[in-house]
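**Q** In order, the protein sequences belong to chains A and B.
Going by this note's numbering, the first sequence opens with residue 1, and the numbers climb by one from there.
Going by this note's numbering, the second sequence opens with residue 1, and the numbers climb by one from there.
Since the hints were derived computationally from the structure, they do not count as laboratory data.
Any given hint might turn out to be false.
Copies of the same chain look alike in the list, so a pair counts if it works inside one copy or between any two.
Straight line, CA to CA, 27 Å or less: simulated DSSO-like cross-link-like pairs of lysine-lysine [as the list claims (entries may be wrong)]:
1. LYS21 <-> LYS200
2. LYS21 <-> LYS115
3. LYS21 <-> LYS107
4. LYS304 <-> LYS278
Number of protein chains: 2
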Amino acid sequence: MKTITLAHGNGGYESKELVEKLFYSSFSNSILNNSEDAALIEDGKLAFTTDSFTVSPLSFAGGNIGKLAVCGTCNDLAMMGAKPKYLSVAFMIEEGFSIDELKNIIKSMHDELIKNDAMVVCGDTKVVPKGNVDKLFINTTGIGEIYYSGISASHLKEGMAILVSRDIGAHGAVIFAAREGMALSSELKTDCASLYPQVKALVDASIPIVAMRDATRGGLAAVLNEWAVSSGVAIEIDEASIPISDEVKGICELLGFEATALANEGTFVVAVPATETKKTLEILKQTNENAAIIGMVSSTYKGKVVLKSAWGTQRFLELPTGELLPRIC
Amino acid sequence: MKTITLAHGNGGYESKELVEKLFYSSFSNSILNNSEDAALIEDGKLAFTTDSFTVSPLSFAGGNIGKLAVCGTCNDLAMMGAKPKYLSVAFMIEEGFSIDELKNIIKSMHDELIKNDAMVVCGDTKVVPKGNVDKLFINTTGIGEIYYSGISASHLKEGMAILVSRDIGAHGAVIFAAREGMALSSELKTDCASLYPQVKALVDASIPIVAMRDATRGGLAAVLNEWAVSSGVAIEIDEASIPISDEVKGICELLGFEATALANEGTFVVAVPATETKKTLEILKQTNENAAIIGMVSSTYKGKVVLKSAWGTQRFLELPTGELLPRIC
């Protein structure tokens, strides 16, 4: 590899390769960890995570880059069992950007901070000349307080249940549709949402969460593959049980995508002991009735995700590769 | 104001206005503070700061965007009396960017992390299509551990001495020269450097530091004006005592700039009680012989910086306004 390609930003195979070969080898230390959403610092008391947002268009059905920037970082904390607490915000703004639009974006950030009971405590603003950046990029970096410890991609064991918190692929489909200028007659909106309240509900109900991850870039396929590799287990998914809305299915068929590789921004996957499956599903359904049990951990094909069709056939669900949609988040 | 202009990113008057009107009003809370370099969190035990880097060109005499990104964020922590500890790094990369160049940049980051005894614990990589960002932007966000507390822009009192750690304006002048394609026959290099070791030397020598700030965007003029306003004092500067190299003076004359408004990336201003002036200067000179006492706090023109010339005349040194050099850091 000689130059960076769009595939390096896909959240799938090429992203993983770039990050491991370039970044993890140079920055290696006892805390840096490629298989979790946030770093554990200060003896595991705090979680720390960063994300830059370059989504295009800046506004879309159900959200904008500001909402995304707060949800994205707070969700990475929430997925580690941390309560989002402090955020930094850095704006990279193109000269000529509308101040009214910026105000709307900031308003969305403010509204979403309230849902997380978090605050922006420091910031940075850079203005770059016209043409040097497309409109607006935002970086949010967050610190959360661990209130439920032990969540890990490497703790999955045979027999555990895999659930998803709602129907998948809405964010990816909405951005696709907006980008292609498709006038959707449907009500499809991004799933972009703050997940801390849902995670808190699970913890408050004493659900022994084993692994948890929001399925952002790379979608459900990336999360399940990372878990299978990190834990050295097989994950068997019942294809028919994956909740996918008709709108998302339609957009996938039209554009030739797999819903399992589409990005989500408010949808998470959770692994729990089999005995907790029913209770977990009940709690998830209180927020979204499309929450579902989609599979279980097995030992058949270690390090692999197996997709089982309604007709009894099986195939591997691979880590997404190649150029997925750039600027999805 | 209806649109964002380059002046909004100058680190001077317009930056301050934008940040106060848009960001501070929306994100207001007990920790967010516009007059310090980093936020104090966790009951003042930790400092937290963010910075995005968009410098152009990416490499310049004495440094590159990677070195800058680590120094910039670690220095903001060091200036608060914090030891840099954890960094997050977010790369926004243009499709087609050279992997070898990226490796060099990461190598510079690694080298600078060692000087700060800090580590990168989490990261993010976004790849955007060609033309959507100019080559590479980096965000670094840092957490430091406070080991010397009480440093504040609002603690300056009459009689205190103001010192600068070296000759000013080198970073701004180098970027200007590189941008204008000026073939410098001189040895002028950016001042970009990690300041934590120097701050530690002051603290280890029991210097009672009152205020401290690295003079980045907006230069020496911005720091002094912020201090004068925050503390409600006058700051009287002896113009002839400000250390400026001949090369920087030459570039300023050629391009019509004031060295006091030029950005620095490894030069700091420090305020100490008058009795500590000599000792402070001695310690600063151990790192750079151009360190100098440049003035003192008075009560003549409260909220103002007064520049006294060698001929006995006085004028106000104002907060920089208008379009300074964009993409300086």
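**Q** If a hint holds in the structure, say so; if it does not, say that too.
**A** So, going through the hints one by one against the coordinates:
no., hint, in the structure
1, LYS21 <-> LYS200, "neither (36 Å within a copy, 35 Å between copies)"
2, LYS21 <-> LYS115, "between (37 Å within a copy, 23 Å between copies)"
3, LYS21 <-> LYS107, "between (39 Å within a copy, 13 Å between copies)"
4, LYS304 <-> LYS278, "within (25 Å within a copy, 67 Å between copies)"
In the structure shown, a violation is registered for the earlier hint numbered 1 alone.
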